[in-house]
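J.: Chains as they are written, first to last, in UniProt numbering: chain A, 1 to 431; chain F, 1 to 431; chain R, 1 to 431; chain Z, 1 to 431.
Hints are computed from structural coordinates only; laboratory data are not their basis. Hints are supplied without guarantee of correctness; some may be wrong.
[To be verified] List time: in silico DSSO-like cross-link candidates among lysine-lysine, alpha-carbon distance up to 27 Å:
#, chain 1, residue 1, chain 2, residue 2
1, F, 201, F, 166
2, A, 166, F, 205
3, R, 387, R, 364
4, F, 166, A, 166
5, R, 132, R, 426
6, R, 42, Z, 364
7, A, 373, F, 67
8, R, 426, Z, 205
9, F, 373, A, 67
10, F, 166, F, 426
11, R, 426, R, 333
12, R, 333, F, 67
13, A, 166, A, 132
14, A, 410, F, 42
15, R, 426, R, 126
16, F, 333, F, 166
17, A, 201, A, 21
18, F, 410, A, 42
19, A, 426, F, 201
20, Z, 166, R, 166
21, R, 364, Z, 42
22, A, 132, A, 410
23, R, 205, R, 21
24, R, 410, Z, 42
25, F, 410, F, 373
26, R, 205, Z, 132
27, A, 166, A, 333
28, A, 205, F, 166
29, Z, 67, A, 333
30, R, 166, Z, 205
31, R, 205, Z, 166
32, F, 426, F, 333
Protein chains: 4
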Amino acid sequence: MIPRYSRPRMTAIWDSENRYKIWMEIETLAAEAMAELGTIPKEVPVAVRARGNFDVARIEEIEAETKHDVIAFLTNLAEYVGEEARFVHQGMTSSDVLDTCLAVQLTQACDILLEDMDAVLAALKKRAYEHKDTVMVGRSHGIHAEPVTFGLKLAGFYAEFDRGRKRLVAAREEIATCAISGAVGTFAHLDPYVEEYVAAKLGLKPEPMSTQVIPRDRHAAFFAALGVIASSVEHLATEIRHLQRTEVREAEEYFSPGQKGSSAMPHKRNPVLTENLCGLARIVRAAVVPAMENVALWHERDISHSSVERMIGPDATVTLDFALARLASVVDKLVVYPDRMQANLDMLGGLVHSQQVLLELTQKGMSREGAYKAVQRNAMDSWLNSKNYKALLAADEEVAQFLKPADLDKLFDLGQHTRHVDTIFKRVFGE
Amino acid sequence: MIPRYSRPRMTAIWDSENRYKIWMEIETLAAEAMAELGTIPKEVPVAVRARGNFDVARIEEIEAETKHDVIAFLTNLAEYVGEEARFVHQGMTSSDVLDTCLAVQLTQACDILLEDMDAVLAALKKRAYEHKDTVMVGRSHGIHAEPVTFGLKLAGFYAEFDRGRKRLVAAREEIATCAISGAVGTFAHLDPYVEEYVAAKLGLKPEPMSTQVIPRDRHAAFFAALGVIASSVEHLATEIRHLQRTEVREAEEYFSPGQKGSSAMPHKRNPVLTENLCGLARIVRAAVVPAMENVALWHERDISHSSVERMIGPDATVTLDFALARLASVVDKLVVYPDRMQANLDMLGGLVHSQQVLLELTQKGMSREGAYKAVQRNAMDSWLNSKNYKALLAADEEVAQFLKPADLDKLFDLGQHTRHVDTIFKRVFGE
Amino acid sequence: MIPRYSRPRMTAIWDSENRYKIWMEIETLAAEAMAELGTIPKEVPVAVRARGNFDVARIEEIEAETKHDVIAFLTNLAEYVGEEARFVHQGMTSSDVLDTCLAVQLTQACDILLEDMDAVLAALKKRAYEHKDTVMVGRSHGIHAEPVTFGLKLAGFYAEFDRGRKRLVAAREEIATCAISGAVGTFAHLDPYVEEYVAAKLGLKPEPMSTQVIPRDRHAAFFAALGVIASSVEHLATEIRHLQRTEVREAEEYFSPGQKGSSAMPHKRNPVLTENLCGLARIVRAAVVPAMENVALWHERDISHSSVERMIGPDATVTLDFALARLASVVDKLVVYPDRMQANLDMLGGLVHSQQVLLELTQKGMSREGAYKAVQRNAMDSWLNSKNYKALLAADEEVAQFLKPADLDKLFDLGQHTRHVDTIFKRVFGE
Amino acid sequence: MIPRYSRPRMTAIWDSENRYKIWMEIETLAAEAMAELGTIPKEVPVAVRARGNFDVARIEEIEAETKHDVIAFLTNLAEYVGEEARFVHQGMTSSDVLDTCLAVQLTQACDILLEDMDAVLAALKKRAYEHKDTVMVGRSHGIHAEPVTFGLKLAGFYAEFDRGRKRLVAAREEIATCAISGAVGTFAHLDPYVEEYVAAKLGLKPEPMSTQVIPRDRHAAFFAALGVIASSVEHLATEIRHLQRTEVREAEEYFSPGQKGSSAMPHKRNPVLTENLCGLARIVRAAVVPAMENVALWHERDISHSSVERMIGPDATVTLDFALARLASVVDKLVVYPDRMQANLDMLGGLVHSQQVLLELTQKGMSREGAYKAVQRNAMDSWLNSKNYKALLAADEEVAQFLKPADLDKLFDLGQHTRHVDTIFKRVFGE
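Can you build the whole structure from these sequences, using the hints too?
T.: Below, the structure is given as structure tokens:
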């Protein structure tokens with residue numbers, strides 16, 4: 001996470017300010033529950049609500065001495081609240097605050113990421129419908145295959161990001177749990193009701209079984225979900241980079257009028273945003289293995305996961321947020337060149353229709369071998385000598401026995417390839 | 001995947017035999033649908049059902065020539081079926097067969113993994129209830145903290161594996177899709193109905209939008225789910241390795257009477273199974289990043305993912321199957337030493353109860369600072385001079401003002417730590 | 001490692017046959033050293049040399065009973081050698097045999113990989129010289145930049161693989177150590193001379209300090225070196241895939257006359273080999289993190305690394321061997337289309353020379369801003385209206401003040417871009 | 001990289017200040033070389049040396065407009081230098097500055113890391129000699145095996161970190177190259193001499209063949225070397241965590257008198273530093289795969305690697321610097337408990353000597369089977385009934401035929417296990 005690839009809304013989640021704010025809410029809610037149970041005086045939560053406050057600089061000052069962040073926070077809190085503060089945090093362990101806070105931060109981050117996904121999806125959908133019928137060549141192995149439409153391509157990415165969104169919703173559920181269970185998770189010094197109360201108020205679920213810490217398989221699953229989404233970002237970014245190649249030039253990242261790619265070469269509009277997205281994807285993905293290595297904590301807990309999460313928590317969410325926002329904008333403003341698409345499609349003189357011809361010849365009764373030879377003979381002639389493939393077929397006597405010019409027209413009709421676009425759109429967009 | 005860490009039921013899924021069997025079913029079902037639509041003669045699927053067969057050796061022979069596995073298969077199939085075979089596979093592309101087959105194999109693999117998870121869960125549950133009340137020391141940072149029970153520990157792992165199971169169910173759904181959509185996924189040469197028909201018969205869903213291939217974010221999510229489960233395997237295995245250390249010796253992997261650890265040293269019962277599980281976890285996890293790197297295929301597809309999947313498909317599923325089966329057996333037969341657990345718990349003369357004393361002193365009205373000093377003063381004396389902590393507290397005049405011997409008995413009562421075990425078990429096991 | 005991506009010479013290294021052969025050599029050499037020291041009778045190594053033998057099936061039979069591979073081997077060896085066999089392996093631990101054997105296997109594997117690298121280097125060098133002066137457009141961001149030559153491109157890859165080779169030599173040295181140091185590496189039951197003797201005879205160095213096992217940072221460094229080479233394989237393979245795109249078509253993987261890409265479409269020569277290489281690179285790279293996770297063994301050793309190495313040892317070396325051999329062949333037989341390179345270079349009507357014009361205008365005294373405007377004005381006109389850039393510049397009055405037609409010819413001369421090719425070749429090839 | 005795990009000396013390398021300082025030096029040196037060649041006026045480098053300066057805030061201001069960091073820098077530089085600045089950077093491309101700067105930063109970082117390694121090595125050596133003869137039990141699989149010394153253990157780590165240091169030296173050489181070769185690396189607009197001159201002055205080597213960018217296999221190898229060192233950090237940290245376990249307590253991280261582990265439990269000295277080091281190792285290692293994924297840039301370059309390096313460059317070096325410094329301090333101040341080591345060694349009543357007894361019985365002529373039975377019979381009795389093993393052997397009639405009490409004393413003498421410590425120390429420390 002570096003400023004260059006960060007957006008303030010997401011970085012704010014990981015600020016000290018937000019963290020202490022969440023801590024205070026957790027402590028206050030826990031005090032409310034304890035007061036309700038009669039474990040601590042009723043006045044305590046009232047006092048904390050009334051006078052509770054914190055000062056980041058002051059906390060850091062105290063922490064420099066005590067070397068303990070939660071104690072520093074509580075000391076500072078007590079400076080505002082006064083005498084009642086001694087009942088705050090009673091029976092709790094630091095991890096109750098830290099892990100529940102992380103859960104809140106990750107759900108907050110997740111909510112932004114879900115909005116980001118929605119923006120990507122909206123852009124993809126808009127552009128998909130806009131180019132539903134914009135024909136272009138489909139490419140397998142980077143080699144021309146058969147026609148598709150640009151809208152179809154985008155619809156495929158829509159479906160992919162939609163799956164990513166669903167995984168994100170599931171990932172959010174994974175990490176949205178609250179633990180207020182004490183030193184080793186046994187509720188030895190406080191009632192499970194406290195956890196239930198705090199969880200409910202924070203929109204979390206009580207962690208069924210914590211061991212001072214919330215189990216880290218949850219976080220591993222969370223970061224893995226981000227890693228898969230990052231891979232989809234790389235997928236779409238790679239597609240655009242390909243389309244923008246000088247020789248292909250079917251689409252381009254938007255260039256503002258004043259923007260310079262290369263000062264002197266107007267064609268030098270580099271797909272720097274999507275290249276950048278490919279790099280960012282690698283960074284988000286880099287969080288996955290460390291998060292998995294964090295799972296095997298020793299016994300009831302060790303603290304090896306903590307430094308990892310202090311870094312990958314912000315890194316992965318901030319970077320993915322930035323990447324998704326950038327991607328949505330790239331898609332939204334992508335400059336599409338239907339003429340170039342058509343030109344590339346026509347580049348090979350109709351050879352992309354050869355499979356269709358082959359099928360039809362077989363259907364019409366020609367032997368598979370015969371059909372294959374006829375199709376290939378003319379394809380080779382067209383390819384090597386840059387002749388029009390349809391004309392060659394029309395002139396081929398053997399072919400003519402099975403296919404009339406009108407048949408050929410039908411076979412070379414792009415409609416053959418686009419007739420199920422609506423079906424696919426309905427599947428993808430449900431409408 | 002190597003024989004040493006493989007089980008035949010899972011490896012069979014990845015055998016040529018099973019692969020061709022699935023291919024034949026896909027081709028047959030597709031032919032049925034096409035015949036139903038009238039695209040090909042009604043006799044075709046009938047003939048294929050009646051005479052369809054294949055011979056692995058013969059296919060390999062043909063493939064050696066044609067360098068194309070699906071064509072080799074179809075040629076061999078035709079040798080059994082005869083003339084009608086020419087209508088088989090019409091309008092389809094090899095990937096329609098390959099990707100749908102992979103979906104079937106992965107779901108088959110998933111079903112075994114789900115059974116494996118059930119076995120692990122069953123073993124954990126059985127042993128958890130058996131040791132629900134077997135007290136032992138809880139350890140944070142490898143250092144004695146407060147008491148837990150061995151049953152609680154296992155319940156925590158049950159909850160973790162239960163989450164893993166849920167992720168596996170979701171992962172299964174991710175990859176259970178069928179693509180019969182032709183060269184670039186446009187259904188240019190066949191009707192979407194064929195895909196729907198085949199999908200339904202195979203227990204899959206039609207892929208909403210394929211591009212010759214099923215999009216690889218699905219597979220990335222699948223392998224990521226396996227990676228998280230593998231990390232949980234490492235988690236539990238690490239726990240057992242710790243418990244089996246010579247100095248701890250609270251549990252041991254089962255040793256058959258005849259088995260030799262070290263010939264001459266009877267204490268040399270090495271936790272080799274759980275150490276092995278930690279290694280296997282690394283292998284399963286190694287599939288995650290390549291699977292994510294597979295997502296960004298070029299345009300409608302390239303074939304870079306194929307070699308990766310040919311290896312990680314079997315590797316990850318076979319290894320995880322083996323690991324889970326081994327883990328279930330380790331848990332099921334784990335030799336537990338409650339006496340050693342009690343002995344370790346008592347090792348520090350009751351110091352594990354100091355937080356409870358501290359809390360109670362505060363509750364009884366002693367100042368936090370005073371309580372802390374009293375608790376620590378006696379704790380240090382106990383620790384440095386190996387004295388009984390409870391006795392020291394009883395003899396401390398300041399403490400005595402707040403706590404009577406009966407109070408101390410209550411504070412040193414393990415019941416304090418186990419009173420919520422039932423609550424937690426209910427949360428975890430739902431009963 | 002699967003047969004499809006394996007070559008017999010490398011897989012043979014990982015066969016039982018080779019493993020037991022190495023074990024026998026280690027045991028025999030160790031016996032020779034011990035006999036020399038007088039620790040065991042002189043007859044022992046003589047007998048083992050004379051009658052020592054093994055039978056893989058028989059060893060497996062014994063292992064099925066004893067569950068211990070080294071004991072099974074020794075038992076079988078004794079069946080051939082007789083009475084003297086009881087002195088074999090004296091004071092040694094199984095790991096002495098296993099780890100030293102792995103060192104031998106990895107150096108054997110490394111030697112093949114070094115040959116593979118030599119083949120790649122030879123192919124690159126040959127083709128680099130062949131196309132030293134074959135001009136083509138250089139591309140940054142996939143967008144035309146300035147001219148390069150295809151030979152230069154290959155020279156760059158030569159330099160990269162040459163670095164990979166050096167790393168491989170260093171990696172070989174890392175893992176070429178021998179440990180015969182007993183149960184915990186203290187030589188408690190045998191003399192360090194035994195290790196020195198065996199090491200020397202096997203072409204290894206004695207491990208300065210083993211702890212039953214050879215430390216695993218060595219292996220981590222080894223697999224990391226393979227991972228970097230695999231990434232270079234991906235790099236070169238990606239380059240070729242790009243050059244083979246339909247729209248670029250500057251080079252193609254060799255297609256044998258009989259080979260079919262797509263049956264009916266002659267242009268459908270898919271870069272399947274290089275796509276495959278990209279996948280194989282991911283697999284080799286997947287060994288890196290597990291190998292690093294293997295480093296942190298517990299105390300003097302645990303056995304978690306073993307299962308990992310049983311898989312990644314063969315997987316990474318066999319796959320990289322296959323990949324390098326395939327790559328050498330792809331480069332060697334690559335079909336290059338200089339005409340297409342020239343055509344693509346000319347595609348933009350000389351715009352690739354604009355930076356040169358800009359520089360010259362400044363050199364000739366035009367202000368930077370003025371020069372920039374002049375260059376850009378004409379570039380835009382050329383780009384948008386497909387006009388010849390050089391002609392536009394010649395007709396531009398402002399430009400004409402500084403540049404004569406002859407100057408323009410010089411600026412548009414490709415020689416400007418190729419004049420240092422020899423220098424670079426000398427740097428790379430040292431000749 | 002976050003402040004909590006950063007040290008100012010390393011973070012300063014990655015500051016804007018340092019980056020621009022390096023840029024200015026590169027531009028100045030390049031100008032000197034060009035002036036020497038006569039390409040630009042002699043006054044230019046003189047002016048830049050005399051008046052060259054920059055202002056970070058001002059550069060950022062300009063960059064906000066131009067969106068180009070190098071242009072912003074040059075503009076700001078011109079504000080200080082004046083007219084002569086127009087000749088600066090002539091014929092160069094931004095990457096010439098950026099990549100050469102990165103090389104300088106990485107070598108600077110490497111130099112600090114080498115010092116860090118030296119500190120770790122010094123601490124290990126000091127403590128190794130201090131505890132050369134401090135006996136303790138060696139453990140395989142976490143189970144008591146045979147005696148070692150604590151000094152030996154540390155010597156093993158010394159050797160491991162010494163290898164890491166050598167790899168770091170090699171890694172430094174990998175990335176210490178300079179590229180001043182223009183738009184696509186052909187020196188089309190400047191003489192190779194410029195690169196040679198700048199390289200020599202900066203202590204770098206000219207990159208034999210750059211393509212606008214320095215090839216990224218170099219950086220991949222660099223980060224891989226850091227990843228292996230990080231794994232060694234994890235290795236040593238894991239060892240210490242094990243030794244500090246409550247039940248083992250043979251060593252402890254130093255606790256300052258005022259420091260609180262747990263307020264009330266004096267035994268609760270948690271190995272938080274070494275746990276933290278395990279987490280930091282995961283973070284450093286996380287840079288390895290992205291760095292490898294960076295290698296396969298498209299054609300002469302794309303910019304996907306840039307965002308990755310902007311993050312992993314600082315992250316990996318800063319985190320490893322912090323980790324090594326922390327590790328050196330942990331080792332240096334580690335509190336060692338020889339009494340506890342002795343107590344644990346004695347825990348099993350001499351069973352750790354059983355292999356020695358077995359060997360000696362065989363040496364003395366007892367049959368292998370007989371010796372084995374005798375050793376095991378007494379070992380089982382000792383183990384199950386907590387009897388003294390040596391006494392049992394002495395009382396065993398069959399054993400007594402071969403071993404006299406004096407023989408037993410010798411066999412139970414720890415000297416047997418420590419007699420080669422000097423040899424090993426000499427191997428490791430060379431003295």
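J.: Hints first: check each against the structure and report whether it holds.
T.: Going through the hints against the structure:
A hinted pair counts as satisfied when its Cα atoms are at most 27 Å apart, and residue 201(F) with residue 166(F) qualifies at roughly 25 Å. The hinted pair formed by residue 166(A) and residue 205(F) meets the criterion: a straight-line CA distance of about 17 Å does not exceed 27 Å. Among the hinted pairs, residue 387(R) with residue 364(R) is consistent with the structure: their alpha-carbon atoms are about 25 Å apart, no more than 27 Å. Proximity of residue 166(F) to residue 166(A) is assessed by CA-CA distance (about 15 Å); at most 27 Å being required, the pair is judged to hold.
With a CA separation close to 12 Å, the supplied pair residue 132(R) and residue 426(R) stays within the 27 Å bound. In summary, the hint linking residue 42(R) to residue 364(Z) is supported, as the alpha carbons are separated by about 17 Å, within the 27 Å threshold. Among the hinted pairs, residue 373(A) with residue 67(F) is consistent with the structure: their alpha-carbon atoms are about 19 Å apart, no more than 27 Å. Distance check on the hinted pair: residue 426(R) and residue 205(Z) sit about 15 Å apart at the alpha-carbon level, within 27 Å; holds.
The hinted pair formed by residue 373(F) and residue 67(A) meets the criterion: a straight-line CA distance of about 19 Å does not exceed 27 Å. Taken as a hint, the residue 166(F) and residue 426(F) pair is honoured in the structure, with Cα atoms around 19 Å apart against an allowance of 27 Å. For the hint linking residue 426(R) to residue 333(R), the alpha-carbon distance of about 24 Å falls within 27 Å, and the restraint holds. Taken as a hint, the residue 333(R) and residue 67(F) pair is honoured in the structure, with Cα atoms around 19 Å apart against an allowance of 27 Å.
Restraint check for residue 166(A) and residue 132(A): satisfied, since their Cα atoms lie roughly 25 Å apart, inside the 27 Å limit. Annotation: proposed proximity of residue 410(A) to residue 42(F) holds, straight-line Cα distance about 26 Å (limit 27 Å). At most 27 Å may separate the alpha-carbon atoms for a hinted pair to count; residue 426(R) and residue 126(R) meet this at roughly 14 Å. Under the criterion of a C-alpha separation no larger than 27 Å, the hint pairing residue 333(F) with residue 166(F) is consistent with the structure, at around 25 Å.
Straight-line distance between C-alpha atoms of residue 201(A) and residue 21(A) comes to about 15 Å, which keeps the hinted pair within the 27 Å bound. Among the hinted pairs, residue 410(F) with residue 42(A) is consistent with the structure: their alpha-carbon atoms are about 26 Å apart, no more than 27 Å. For the suggested pair residue 426(A) and residue 201(F), the alpha carbons sit about 22 Å apart, so the restraint of at most 27 Å is met. With a CA separation close to 15 Å, the supplied pair residue 166(Z) and residue 166(R) stays within the 27 Å bound.
Note on residue 364(R) and residue 42(Z): the hinted pairing holds, with a Cα-Cα distance of about 17 Å set against a maximum of 27 Å. For the hint pairing residue 132(A) with residue 410(A), the CA-to-CA distance comes to about 21 Å; that is within 27 Å, so the pair holds. Between residue 205(R) and residue 21(R) the CA atoms are separated by roughly 20 Å; this keeps the pair inside 27 Å, and the hint holds. Restraint check for residue 410(R) and residue 42(Z): satisfied, since their Cα atoms lie roughly 26 Å apart, inside the 27 Å limit.
Distance hint between residue 410(F) and residue 373(F) is fulfilled; the C-alpha atoms sit about 21 Å from each other, no more than 27 Å. For the proposed pair residue 205(R) and residue 132(Z), the alpha carbon gap of about 24 Å is at most 27 Å, so the pair holds. With a CA separation close to 25 Å, the supplied pair residue 166(A) and residue 333(A) stays within the 27 Å bound. Using a Cα cut-off of 27 Å, the hinted pair residue 205(A) and residue 166(F) holds, with the two alpha carbons roughly 17 Å apart.
Of the supplied pair hints, the one linking residue 67(Z) and residue 333(A) holds, its CA atoms being roughly 19 Å apart against a limit of 27 Å. Simply put, residue 166(R) and residue 205(Z) have alpha-carbon atoms about 17 Å apart, close enough for the 27 Å limit, and the pair holds. Among the hinted pairs, residue 205(R) with residue 166(Z) is consistent with the structure: their alpha-carbon atoms are about 17 Å apart, no more than 27 Å. In summary, the hint linking residue 426(F) to residue 333(F) is supported, as the alpha carbons are separated by about 24 Å, within the 27 Å threshold.
Consistency note: the structure conflicts with none of the earlier hints.
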